[in-house]
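Participant: Chains A and B, in that order, give the protein sequences. Under my numbering, the first residue of the first sequence is numbered 1, with each subsequent residue one higher. Under my numbering, the first residue of the second sequence is numbered 1, with each subsequent residue one higher.
Just so you know, not all the hints are guaranteed correct.
[Stated by the list, open to error] BS3-like mimics (lysine-lysine), calculated; alpha carbons at most 25 Å apart, straight line: (1) Lys7/B to Lys7/A; (2) Lys7/B to Lys55/B; (3) Lys55/B to Lys18/A; (4) Lys18/B to Lys7/B; (5) Lys7/A to Lys55/A; (6) Lys125/A to Lys37/B; (7) Lys103/B to Lys7/A; (8) Lys55/A to Lys103/B; (9) Lys125/A to Lys55/B; (10) Lys18/A to Lys103/A; (11) Lys18/B to Lys36/A; (12) Lys7/B to Lys55/A; (13) Lys103/B to Lys125/B; (14) Lys36/B to Lys7/B; (15) Lys37/A to Lys55/B; (16) Lys18/A to Lys37/A; (17) Lys18/A to Lys36/B; (18) Lys55/A to Lys36/A; (19) Lys103/B to Lys37/A; (20) Lys125/B to Lys18/A; (21) Lys55/B to Lys7/A; (22) Lys36/A to Lys125/B; (23) Lys18/B to Lys36/B; (24) Lys18/A to Lys18/B; (25) Lys36/A to Lys36/B; (26) Lys18/B to Lys37/A; (27) Lys55/A to Lys37/B; (28) Lys125/B to Lys55/A; (29) Lys103/A to Lys103/B; (30) Lys103/B to Lys125/A; (31) Lys36/A to Lys7/A.
It should be emphasised that the hints constitute simulated quantities derived from the structure, not laboratory data.
Chain by chain, the residues run as shown.
There are 2 protein chains.
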Amino acid sequence: MNDAAGKEIERLIDVMAKLPGLGPRSARRAVLQMVKKRDLMLIPLARAAAEVAEKAMVCIECGNIDTAQICSVCRDPRRDASSLCVVEDVADLWAMERTSAFKGRYHVLSGVLSALDGIGPDDLKIPRLVRRAEVPEIEEVVLALGATVDGQTTAHYIAGQLSGASVEVTSLAQGVPVGGELDYLDDGTISAALNARRSL
Amino acid sequence: MNDAAGKEIERLIDVMAKLPGLGPRSARRAVLQMVKKRDLMLIPLARAAAEVAEKAMVCIECGNIDTAQICSVCRDPRRDASSLCVVEDVADLWAMERTSAFKGRYHVLSGVLSALDGIGPDDLKIPRLVRRAEVPEIEEVVLALGATVDGQTTAHYIAGQLSGASVEVTSLAQGVPVGGELDYLDDGTISAALNARRSL
Numbered sequence: 001m002n003d004a005a006g007k008e009i010e011r012l013i014d015v016m017a018k019l020p021g022l023g024p025r026s027a028r029r030a031v032l033q034m035v036k037k038r039d040l041m042l043i044p045l046a047r048a049a050a051e052v053a054e055k056a057m058v059c060i061e062c063g064n065i066d067t068a069q070i071c072s073v074c075r076d077p078r079r080d081a082s083s084l085c086v087v088e089d090v091a092d093l094w095a096m097e098r099t100s101a102f103k104g105r106y107h108v109l110s111g112v113l114s115a116l117d118g119i120g121p122d123d124l125k126i127p128r129l130v131r132r133a134e135v136p137e138i139e140e141v142v143l144a145l146g147a148t149v150d151g152q153t154t155a156h157y158i159a160g161q162l163s164g165a166s167v168e169v170t171s172l173a174q175g176v177p178v179g180g181e182l183d184y185l186d187d188g189t190i191s192a193a194l195n196a197r198r199s200l
Numbered sequence: 001m002n003d004a005a006g007k008e009i010e011r012l013i014d015v016m017a018k019l020p021g022l023g024p025r026s027a028r029r030a031v032l033q034m035v036k037k038r039d040l041m042l043i044p045l046a047r048a049a050a051e052v053a054e055k056a057m058v059c060i061e062c063g064n065i066d067t068a069q070i071c072s073v074c075r076d077p078r079r080d081a082s083s084l085c086v087v088e089d090v091a092d093l094w095a096m097e098r099t100s101a102f103k104g105r106y107h108v109l110s111g112v113l114s115a116l117d118g119i120g121p122d123d124l125k126i127p128r129l130v131r132r133a134e135v136p137e138i139e140e141v142v143l144a145l146g147a148t149v150d151g152q153t154t155a156h157y158i159a160g161q162l163s164g165a166s167v168e169v170t171s172l173a174q175g176v177p178v179g180g181e182l183d184y185l186d187d188g189t190i191s192a193a194l195n196a197r198r199s200l
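Isolated chain A (complex conformation) (with noise of 0.2 Å):
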């Protein structure tokens, strides 16, 4: 509680302190912040946030968020359609999309199988993906899942799921990442590293 700004301010802290990567105190530096700051920060976040209220939804496709009902992804045509890629979450399908690295279209599972958090595979779009895979344009589907214990299992159980479908299933690589010196990096990285090494 705060009661030396209004009420309005006070519930704005509030909204913004339940923000992932935001507590009470940040929330109150952005606040302040803003309102110092009215026309350049303030007025666009609101119109910004109503804005996509209204229309952030859903891709009914692939379980991206854009302000369509079909994302941008799915309704681009020069997208390779033979090929579909398994992420964790949204962001990581944004991740994936700022490399500019995967040309094909993508499959959001919404979260890993999780014993600890009783998160079983009904809890995710793993039915979904499967009749997805049947589609018989698709040739491969890409496991792009973090390297994980959860995420590892989740990869597992799906290539099982799909062992019937006439699909190949592929998995990002594991290794040493771009610009890594071996002395900090920890010993399952340089093992997998080392199992998956190829010749030059």
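Position chain B against the provided structure of chain A, taking the given hints into account.
Facilitator: Only chain B this time, still in chain A's reference frame:
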């Protein structure tokens, strides 16, 4: 740039990324979270921001930010009218208010003297502070400025400016923070705490 989301979503991410404490990555995470919790976060944020943009203003008395021309602290008749607390910024005023330890009113400088940033006495609200301190009912001016070089320079400058007025000028005590362990404190703090030692 992020072609995978609509331009409205992109615009919201851009505005959020400019907030202190958030960068592009955390802005994207925050926006995704908000879109997923549309009714709980995005719409309340849009409303609260619009309301604050419309109503927030700087108190003409003390410089606090509130939703009235005279802020709730300055308006409150129960506040001690004999005591004025000088703070650098509105965030510091709010921090003081959260402790409920100070019963008087405030004066927000909107910065501290800084040779490096080229901020001189005329850039701060020091002349206005001198005028406010000349009101007969004011008995004490508490300088609650940061224990930084700039903060302390500003405190000394203000003390000099107020030497003509018949007010007592005090400053926050420096010493060991509550819960602080000596071993983890810097030398300056230990010296300050030793010099300001009190008999029990």
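Participant: Decide, hint by hint, whether the structure agrees.
Facilitator: Verification of the hints:
{"no.": "1", "hint": "Lys7/B to Lys7/A", "result": "32 Å, violated"}
{"no.": "2", "hint": "Lys7/B to Lys55/B", "result": "28 Å, violated"}
{"no.": "3", "hint": "Lys55/B to Lys18/A", "result": "22 Å, holds"}
{"no.": "4", "hint": "Lys18/B to Lys7/B", "result": "17 Å, holds"}
{"no.": "5", "hint": "Lys7/A to Lys55/A", "result": "28 Å, violated"}
{"no.": "6", "hint": "Lys125/A to Lys37/B", "result": "19 Å, holds"}
{"no.": "7", "hint": "Lys103/B to Lys7/A", "result": "21 Å, holds"}
{"no.": "8", "hint": "Lys55/A to Lys103/B", "result": "48 Å, violated"}
{"no.": "9", "hint": "Lys125/A to Lys55/B", "result": "45 Å, violated"}
{"no.": "10", "hint": "Lys18/A to Lys103/A", "result": "35 Å, violated"}
{"no.": "11", "hint": "Lys18/B to Lys36/A", "result": "13 Å, holds"}
{"no.": "12", "hint": "Lys7/B to Lys55/A", "result": "11 Å, holds"}
{"no.": "13", "hint": "Lys103/B to Lys125/B", "result": "22 Å, holds"}
{"no.": "14", "hint": "Lys36/B to Lys7/B", "result": "17 Å, holds"}
{"no.": "15", "hint": "Lys37/A to Lys55/B", "result": "14 Å, holds"}
{"no.": "16", "hint": "Lys18/A to Lys37/A", "result": "22 Å, holds"}
{"no.": "17", "hint": "Lys18/A to Lys36/B", "result": "13 Å, holds"}
{"no.": "18", "hint": "Lys55/A to Lys36/A", "result": "28 Å, violated"}
{"no.": "19", "hint": "Lys103/B to Lys37/A", "result": "30 Å, violated"}
{"no.": "20", "hint": "Lys125/B to Lys18/A", "result": "34 Å, violated"}
{"no.": "21", "hint": "Lys55/B to Lys7/A", "result": "11 Å, holds"}
{"no.": "22", "hint": "Lys36/A to Lys125/B", "result": "16 Å, holds"}
{"no.": "23", "hint": "Lys18/B to Lys36/B", "result": "22 Å, holds"}
{"no.": "24", "hint": "Lys18/A to Lys18/B", "result": "18 Å, holds"}
{"no.": "25", "hint": "Lys36/A to Lys36/B", "result": "29 Å, violated"}
{"no.": "26", "hint": "Lys18/B to Lys37/A", "result": "11 Å, holds"}
{"no.": "27", "hint": "Lys55/A to Lys37/B", "result": "14 Å, holds"}
{"no.": "28", "hint": "Lys125/B to Lys55/A", "result": "45 Å, violated"}
{"no.": "29", "hint": "Lys103/A to Lys103/B", "result": "64 Å, violated"}
{"no.": "30", "hint": "Lys103/B to Lys125/A", "result": "57 Å, violated"}
{"no.": "31", "hint": "Lys36/A to Lys7/A", "result": "17 Å, holds"}
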